[in-house]
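Protein chains in written order, with our numbering: chain A, 1 to 231; chain B, 232 to 462; chain C, 463 to 681; chain D, 682 to 900.
Treat the hints as calculated values from the structure; they're not laboratory data. There could be a bad hint or two in this list.
[Said to hold, decoys possible] DSBU-like, lysine-lysine: derived pairs with alpha carbons at most 30 angstroms apart:
1) Lys805/D with Lys304/B
2) Lys380/B with Lys449/B
3) Lys586/C with Lys72/A
4) Lys533/C with Lys149/A
5) Lys11/A with Lys218/A
6) Lys149/A with Lys303/B
7) Lys586/C with Lys140/A
8) Lys449/B with Lys149/A
9) Lys802/D with Lys686/D
10) Lys847/D with Lys461/B
11) Lys802/D with Lys698/D
12) Lys461/B with Lys298/B
13) Lys805/D with Lys303/B
14) Lys698/D with Lys184/A
15) Lys847/D with Lys882/D
16) Lys583/C with Lys680/C
17) Lys663/C with Lys533/C
18) Lys231/A with Lys43/A
19) Lys231/A with Lys680/C
20) Lys303/B with Lys242/B
21) Lys363/B with Lys132/A
[Stated by the list, open to error] One side of the interface only, derived from the structure: several residues of chain A facing chain D at Cβ under 8 angstroms:
22) Ile2
23) Gly112
24) Ala113
25) Gly114
26) Pro116
27) Ala117
28) Asp161
29) Thr163
30) Ala196
31) Gly197
32) Pro201
33) Ile204
34) Gly208
35) Ile209
36) Tyr210
37) Gln212
Every residue gets a Cβ at the ideal spot worked out from N, C-alpha and C, and that includes glycine.
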Amino acid sequence: MIDKVVENADKAVRDIPENATLMLGGFGLCGIPENCIQALLRKGVTGLTCISNNAGVDDFGIGLMLKSRQVKKMISSYVGENEEFERQLLSGELEVDLVPQGTLAERIRAGGAGIPAFYTPAGFGTEVAHGKEVREYFGKMYLLENWLKADFSLVKAWKGDTTGNLIYKGTARNFNPMMAAAGKITIAEVEELVPAGELDPNAIHTPGIYVQRIFQGKNYEKRIEQRTVKK
Amino acid sequence: MIDKVVENADKAVRDIPENATLMLGGFGLCGIPENCIQALLRKGVTGLTCISNNAGVDDFGIGLMLKSRQVKKMISSYVGENEEFERQLLSGELEVDLVPQGTLAERIRAGGAGIPAFYTPAGFGTEVAHGKEVREYFGKMYLLENWLKADFSLVKAWKGDTTGNLIYKGTARNFNPMMAAAGKITIAEVEELVPAGELDPNAIHTPGIYVQRIFQGKNYEKRIEQRTVKK
Amino acid sequence: MALDKIGIAKRIAQEIKTGTYINLGIGIPTLVANYIPENIHVVLQSENGLLGIGEFPTEEDVDADLINAGKQTVTMRAGSSLFHSAESFGMIRGGHVDLTILGAMEVSENGDIANWKIPGKMVKGMGGAMDLVASADNIIVAMQHKSRDGESKLLKRCTLPITGLKCVNKIITDLAVLDVLPEGGFRLVERAPGVTAEEIKNSTAGKLVIEGDIPEMKI
Amino acid sequence: MALDKIGIAKRIAQEIKTGTYINLGIGIPTLVANYIPENIHVVLQSENGLLGIGEFPTEEDVDADLINAGKQTVTMRAGSSLFHSAESFGMIRGGHVDLTILGAMEVSENGDIANWKIPGKMVKGMGGAMDLVASADNIIVAMQHKSRDGESKLLKRCTLPITGLKCVNKIITDLAVLDVLPEGGFRLVERAPGVTAEEIKNSTAGKLVIEGDIPEMKI
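Based on the provided sequences and hints, a complete structural model is requested.
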């Protein structure tokens, strides 16, 4: 049994250096690595490039790291709902690279799976295509897109075991599994950490081979952006 | 609820025409669509191109379809353990296209996911590379490989529901999920067919969107190629 | 009289065929779900990783781990499945989703769509829109016929940055139902109740094709 | 005296570091699993979709749905996971597997390997071998030093169709342990018990580098 458990978030992110490239799981605020983000705030490391579908909100998620000026660049598909983001972008403090969501997901998947480049139709004929190779297949036009990898991937799962196997819950899965595979060092925080052998091998979403460190998270806020209920 | 249940294997394969391209799930004899193969034998349709990691054994799996001369071409990674296969290949009755296993899996995955081509390192410098585009990324050489799709995909799962959601068991999963997505018409045979809502949405391996027909299989033999036990 | 948002959603609901998988964009498209008849069985896809979106939850059933692409809390229907974002866009890109309904700022007469960026304004990003429009075989746009400034949104050419080329099949606005013709041009299919073909013509900057009597929508 | 297969497997087991993920090919590599010390914690990957291969099952535990890449029935260890073939080769291609051990017909002095095809004989296919050798950073070849006909299998250039280029790091044979040098050549690291450097030299057709005293293997 390979044991990957670390004590807490601070120990897990201990060696993330200045100017590192990070991937952070989540869609909106759903499935984000809350504990790791708090630890990064405490650590104060700066110059980070963050690959994340969204950029949090002003006072939660990656928004907090923006406020503390730890982020140099965001690679995302949608960065709305964040005034501080807008201010830093307009003032030139922050760089942003917007990528179509499916292309972002696939580029990360490719990074984890050793596929350096692939063709996708998304963005053909748009400004996303600038400088990219174009090719026609079966009468349709495609762009060549490259893989994305990270120095560290920070993912959040529902359950995990000591060898790093992960199970996500609901739509909190989103970008987490691909990011787990695309990080040189992948840190997983889980709501429930169990001994190896307790999770059904057939139900595991992220095999432990992709995870280098895992810890039991705490105090999950799981903030909801649009609490919409039935009338 | 979209109901995709058909009565049996014969009804499921009713419209597979001569010269169709099929994908058949399985690794060795593990996770193969036994019932669909039997129905194809009864139907007697010929000229088939079969995309399958292996070609069965002489008296089981795709080997039976070879014996009845229904297969024109195999696209596989390994076709050993089959004398009839060898005879037909040497006599020129059968065409075979050998593809590295990971490239085969990824080409099928690409077919289902709308990725017409991608780069992979497998086969660079070998005869597999003949006629293929080569490109260097980060000091390593890669081949450009195209997607694979099928007119019909025949997959075998452990449990399935009436809307086509599938859960596989053990290593019987193998090529089945990618093939389910890469078939224009995907036919799933399952050991246990349950009403929609009975499978845990979080544990589903193949979402029902990929499956057009599903039926309750019967009389599974599940033959073992190498019964190896502890002494 | 021009339709309100609910009217547009109701008219779009009539386009929906049983047995199909549908991706609904944010805004009017999301409303469409409320007007699909009971005998029409569809599965709604949410690109953040869910097939089988159900109703909004009750207060007690709210689950922060179950949201739609608009980040609203939702529930799941019987037969739902959950998956990651690469699988979700594999579904979309691979043509497995039968119908995509989304909003637009502009549509051109050859089916180009612009709906993600206004130069000079803060750019929030394209989200999944570029993947959806580049991949789907059947795209219906739900939008107002004219902008708030009274400018037509059905143009000869889009003036805003493009989201995708030659991809829109049908447009349903507060004034009309229009097909995008393969050879270019908007073919008027139906008029909103009490709206004349003339009014629609005056509100459409791109080429409008009117052949014979144009029926009124039945909502 | 030249090692038997079990001897080769035992010597290879000494190369295995704790905390690693390993893919074992068919034949001698599969035997290696039996000789990994208890205090070395590794996870064995089977490319047909399993991490955490356990022992062979008892008669009662045989499960047709649980096999390894050699199609043998197996069991799972605590902490195992199951996945599909695309994920499995994503793992391999993405460099997540730390060590690959496989057999070979020929290895050249620059690390090329040939192990899938003999011209004139029935071609069974490359299976996952080309993906493994093109992807893994650390490849150990387990093989006999010479063919049944007495020909060296360690060559200047491979004569058989290539499986992969410049990929082998180490070779463990019945006669010796050899590293493949980055600049080309086989560096003799250890001799099998009682086998002389001279014998190894005579059995090696490719460039053999012998520096100083070559220790005997300790098995």
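(message) So if I understand the rule, the pair passes when the alpha-carbon distance is 30 angstroms or less; does Lys586/C with Lys72/A pass?
(response) This hinted pair holds, its Cα atoms lying about 17 angstroms apart.
(message) Next pair to validate is Lys802/D with Lys686/D; report whether the Cα-Cα distance is within 30 angstroms.
(response) With a Cα-Cα distance of about 25 angstroms, the restraint between Lys802/D and Lys686/D holds, given a limit of 30 angstroms.
(request) Take the C-alpha atoms of Lys461/B and Lys298/B, compute the straight-line distance between them, and say whether it is at most 30 angstroms. (result) Since the Cα atoms of Lys461/B and Lys298/B sit roughly 35 angstroms apart, the hinted pair is violated (cutoff 30 angstroms).
(request) For the pair supplied as a hint, Lys805/D and Lys304/B, confirm whether the alpha-carbon distance does not exceed 30 angstroms. (result) 15 angstroms, holds
(message) Hint validation: Gly208/A versus chain D, beta carbon distance must be below 8 angstroms. Holds or violated?
(response) 6 angstroms, holds
(request) Could you grab the alpha-carbon distance between Lys847/D and Lys882/D and see if it respects the 30 angstroms cut-off? (result) The given pair, whose Cα atoms are some 22 angstroms apart, holds under the 30 angstroms limit.
(request) Under 8 angstroms, Cβ to Cβ, is where Gln212/A needs to be relative to chain D, so tell me if that hint holds or is violated. (result) 10 angstroms, violated
(request) Please verify that hint: Tyr210/A, Cβ, nearest Cβ of chain D, below 8 angstroms or not. (result) Cβ of Tyr210/A sits 6 angstroms from chain D, so the hint holds.
(request) Mind checking the CB of Thr163/A against every CB in chain D and telling me if the closest is under 8 angstroms? (result) Constraint on Thr163/A satisfied, holds at 4 angstroms.
(message) Does Pro116/A hold up as a contact with chain D if the rule is Cβ-Cβ below 8 angstroms?
(response) 10 angstroms, violated
(message) What's the verdict on Lys303/B and Lys242/B, does the C-alpha distance respect the 30 angstroms limit or exceed it?
(response) 23 angstroms, holds
(message) Tell me if the straight-line CA distance from Lys380/B to Lys449/B falls inside 30 angstroms.
(response) Since the Cα atoms of Lys380/B and Lys449/B sit roughly 28 angstroms apart, the hinted pair holds (cutoff 30 angstroms).
The structure fails hints 6, 8, 10, 11, 12, 16, 17, 18, 26, 27, 37 (numbered hints given earlier, in ascending order).
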